[in-house]
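Undergrad: Sequence:
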Amino acid sequence: MVFSSLVFLCIFLPIVFTLHCIVKPIKARNILLIIASLLFYSFGEPVYVILMVASALANYICALAMGKFNRKAVLVISVIINIGTLCVFKYAGFFVETINGISGANIPVPQIMLPIGISFFTFQALSYVIDVYRGNVKAQTNFAKILLYISFFPQLIAGPIVKYKDIVEEIDNRRVSISQIAPGLRRFIAGLGKKVIIANTMAYCADAIFAQDLANINILGAWIGAVAYVMQIYFDFSGYSDMAIGMGKMFGFHFKENFNFPYVSLNIQDFWRRWHISLSSWFKEYVYIPLGGNRKGKARTIINKIIVFFLTGLWHGANWTFVVWGLYHGALSFLEEGVPAIKKLPRIIAHIYLMVAVIVGFVVFRADTIGEGLGIIARMFTGFTFTDMSMTIAIQQLTPHFIIMLVVAIVACGPLRNLVIKLREVSDNGVATRGQAVAQVVVYIASMALLCWCVIRLSSGVYNPFIYFRF
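Note that the numbering used here has the sequence shown beginning at 1043, numbered continuously upward.
Hints in this document: simulated from the structure, not taken from any laboratory. Glycine is no exception: its CB is placed at the ideal position from the N, C-alpha and C atoms. Treat the hints with caution; some may be incorrect.
Unchecked claim - Calculated cross-link-like contacts (lysine-lysine; reagent style BS3-like; alpha-carbon spacing at most 30 angstroms):
no. : residue 1 : residue 2
1   : K1187     : K1114
2   : K1066     : K1187
3   : K1069     : K1207
4   : K1066     : K1326
Stated by the list, open to error - Pair ranges (Cβ atoms, derived):
no. : residue 1 : residue 2 : range
5   : V1118     : D1255     : 42 to 52 angstroms
6   : I1401     : I1064     : 46 to 56 angstroms
7   : D1208     : I1073     : 18 to 28 angstroms
8   : L1353     : F1426     : 15 to 25 angstroms
9   : S1219     : M1431     : 56 to 66 angstroms
10  : I1077     : A1491     : 27 to 37 angstroms
11  : W1495     : I1344     : 42 to 52 angstroms
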């Protein structure tokens, strides 16, 4: 089940939310959310829900065992269980294919279906055990609370990656009030609009271009497809994060921001401070710093960063395209550190540099193979072959609807950020000037209209791809 489906919007979420409001004891509310989350996951993964529960149970036991056995040994066991599970279900086929390609062997490639969201709930479980090992949180003795933390449906399949220490208090003590429900619902609708109205439109165009033979793609078509995908992945991913954060508020939980207008960045380092914040902070806290960070000399710092960018790329999917994408961003990060002049460029030039770099990287990320990605990048800069076929393919994408949505996307991912930030601040602290209060009312009315529009679009069978099956 995905958030942008009529089953979720019209049946699942209204029923679960209504029951959560009716039920008052916190223990009963937690049980309700556990049952709802397991049903939510089993809707699409009826078998792998057992895997998720087993993962939660294994990490629950490991955390408790730290109080009775050698803490470091238990931590190693937990890491082996979590990373081992991830490798088997997500990377086994990839590893075998790589070995076959390098050695010429003919080892049968295991055909294992990828559990949706396995990278998210595995990282959450692992962060909990590590934090218990570090003494940042106490081991939870109630398994139901750990299961709720790992399986909670708003952030289960597409993040953000939530740390146990950030919501442990709200599992035991949270309030559901209009002051949280209203902005939470508005945030959810905004994310839904990002996904259904903008991302799906961009996806239709990007998929059409990337499905073509390279011979039929010229410079115009290549750039149209690349820009469409850059907008698709941002509005799809940030839209899901907005929906998760919004639903979290509706149920009394407060998740940290996962995107902070990354396309306004002026360099790669700033981009990663704004893009998929929960993932980059996870790798910083649980990989980069434990490896030594920048405390053990320049050479060790470089190695640590290479490891982090490699793992960041690999986390996204079992394909060398993702690894190349991660290392590409690492190379740009090293370039900016080695050439300080890049960070001193005029803002407009720096922004153009950043967006071109990001767009080129996401072409490889989107492509099925590295060769295909490099081929499209080549067309972006040298594809001056304007055949009838290539022009027809490019122009067919430039429908009035696509052009309007592209303009909306460009405005929404940058120029509107100050207004959005101010509205969020008002929603969080409840204090507003008269003008801000009026703006809030207008936004809520617009949100209801947007919700109706999204439901109508989904009812008409609009193109609605789910891009998180790889994660």
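Undergrad: Does each hint hold? Answer for all of them.
TA: Consistency of the hints with the structure:
Among the hinted pairs, K1187 with K1114 is consistent with the structure: their alpha-carbon atoms are about 24 angstroms apart, no more than 30 angstroms. Using a Cα cut-off of 30 angstroms, the hinted pair K1066 and K1187 holds, with the two alpha carbons roughly 17 angstroms apart. Note on K1069 and K1207: the hinted pairing holds, with a Cα-Cα distance of about 19 angstroms set against a maximum of 30 angstroms. A hinted pair counts as satisfied when its Cα atoms are at most 30 angstroms apart, and K1066 with K1326 does not qualify at roughly 39 angstroms.
For the hinted restraint 42 to 52 angstroms between V1118 and D1255, the CB-CB distance of approximately 49 angstroms keeps it satisfied. I1401 and I1064 have their C-beta atoms about 48 angstroms apart, which keeps the hinted 46 to 56 angstroms range intact. Checked against the hint of 18 to 28 angstroms, the C-beta distance between D1208 and I1073 comes to roughly 22 angstroms, which is consistent with it. In this structure the hint that L1353 and F1426 lie 15 to 25 angstroms apart at CB is violated, the actual value being about 39 angstroms.
Range check, S1219 to M1431: about 59 angstroms between beta-carbon atoms, so the 56 to 66 angstroms window is met. Restraint check, I1077 to A1491: a C-beta distance of roughly 33 angstroms satisfies the suggested window 27 to 37 angstroms. For the pair W1495 and I1344, the supplied restraint of 42 to 52 angstroms holds, since their beta-carbon distance comes to about 49 angstroms.
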